[in-house]
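*Asks:* Protein sequences, first through last, are from chains A and B. For the first sequence, the UniProt record's numbering assigns the number 1 to the initial residue and increments by one for each residue that follows. For the second sequence, the UniProt record's numbering assigns the number 1 to the initial residue and increments by one for each residue that follows.
Heads up, some of the hints might be wrong.
The list makes no distinction among identical chains, and a pair is therefore deemed to hold if it is satisfied within one copy or across any two copies.
Unchecked claim - With a straight-line Cα cutoff of 27 angstroms, these simulated DSSO-like cross-link-like pairs (lysine-lysine) come out:
#1 K141 with K153
#2 K156 with K5
#3 K153 with K5
#4 K141 with K156
FYI, nobody ran anything at the bench for these hints, they're computed from the structure. Owing to the predicted nature of the structure, the values given are computational and were not obtained by experimental measurement.
This is what each chain is made of:
There are 2 protein chains.
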Amino acid sequence: MPALKPTKHSCEIVYLGVVPDREAALVSDPKVEVFAGFAGIDGECHAGLTRPSCSRVLSQHARGTEIRNARQLSIVSAEELELIAAEIGLDSIDPAWLGASIMVRGSPDFTFIPPSSRLQNEAGTTLVVDMENRPCIFPGKEELEPRYPGKGKMFKTAATDRRGVTAWVEREGPLKVGDRFTLHIPNQRHWSLEA
Amino acid sequence: MPALKPTKHSCEIVYLGVVPDREAALVSDPKVEVFAGFAGIDGECHAGLTRPSCSRVLSQHARGTEIRNARQLSIVSAEELELIAAEIGLDSIDPAWLGASIMVRGSPDFTFIPPSSRLQNEAGTTLVVDMENRPCIFPGKEELEPRYPGKGKMFKTAATDRRGVTAWVEREGPLKVGDRFTLHIPNQRHWSLEA
């Protein structure tokens with residue numbers, strides 16, 4: 001039996017977004033459909049087959065080292081954003097404020113789906129989950145605080161364990177709002193030294 | 001804290017090999033040093049930024065679909081090959097017979113190191129573990145059986161949970177016999193639905 005196993009779990013794409021220029025703004029512009037190529041989403045500033053390494057991987061690489069880009073996409077879940085909003089005391093959090101590429105609905109405990117899982121839509125477009133994303137202060141500082149003074153600094157803590165995952169494109173194709181992703185996971189036991 | 005965490009675990013490269021042409025033979029030719037580029041190891045028939053999908057991912061893709069190549073390298077462990085050999089009743093198993101790209105020594109339970117783990121040597125060359133590799137019948141049929149008649153058919157079962165992992169290159173650089181890999185793992189709790 002192959003190591004990569006389809007599961008009964010699926011989730012719906014309820015938001016798609018593209019960040020045209022991170023330096024200009026963190027937010028993503030909503031889209032109804034995008035094309036996911038091997039380098040990521042067309043027109044997205046986080047696209048690229050490789051990227052200069054950032055502060056998140058300083059334990060592995062000096063800043064600016066050319067590495068393969070496993071952070072082409074940021075995927076969040078609607079249910080987890082609702083939990084963040086509730087904790088901060090807001091009615092909702094717009095996935096655009098987090099610069100999200102995709103928001104899904106229907107996949108429980110989304111941030112912790114196993115590393116190397118695959119998300120595949122009906123067209124066959126396939127994304128590989130690298131691992132959990134960790135929250136930073138910028139959505140709070142740049143997007144929440146100007147809209148809701150006093151709330152910005154609450155974001156990072158509220159988003160802990162709820163910030164979704166980073167991913168890259170394994171099979172090219174379209175992604176559309178309303179598509180359903182099926183979840184495929186590595187069908188293997190846990191490493192015995194991990195705990 | 002970043003999601004990718006260095007661990008205290010390390011292992012030594014004790015074998016490097018290149019398979020020049022899988023159609024001609026499964027075995028890898030031993031090397032003392034290779035260059036790992038973004039497409040994989042130079043001169044290796046499994047190299048490529050993409051690959052046509054194979055029987056292992058038929059639950060995800062029609063055979064021959066172009067997908068990103070997460071199987072550039074096959075990495076096995078000396079300790080696990082010793083267990084396979086003992087179970088079959090041989091003194092040793094040559095990693096070349098499995099078409100291995102790399103054999104390491106010193107990493108316990110190697111086949112089950114977490115998906116999306118990184119292996120990084122002193123030069124900074126970094127490999128990403130996709131997931132467990134699953135044994136097939138071919139090393140037994142093509143390599144063991146001609147050498148040790150009657151042993152070939154025992155390989156697949158003996159190699160279960162001991163076949164190592166598949167991997168791809170995240171940061172380019174040299175790999176040499178005698179290098180030490182440090183293991184970096186995704187520092188995240190298990191998915192609550194996985195069990």
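*Asks:* Regarding K141 and K156, is the shortest C-alpha distance of 27 angstroms or less found within a copy, between copies, in both, or in neither?
*Replies:* within (10 angstroms within a copy, 55 angstroms between copies)
*Asks:* At most 27 angstroms between CA atoms: does that hold for K141 and K153 within a copy, between copies, both, or neither?
*Replies:* within (7 angstroms within a copy, 62 angstroms between copies)
*Asks:* I want to check one pair: K156 and K5. Are their C-alpha atoms no more than 27 angstroms apart within a copy, between two copies, both, or neither?
*Replies:* between (33 angstroms within a copy, 20 angstroms between copies)
*Asks:* Evaluate K153 and K5 at a C-alpha cut-off of 27 angstroms and name the case that applies: within, between, both or neither.
*Replies:* between (40 angstroms within a copy, 26 angstroms between copies)
The structure is consistent with each of the numbered hints, conforming to all of them.
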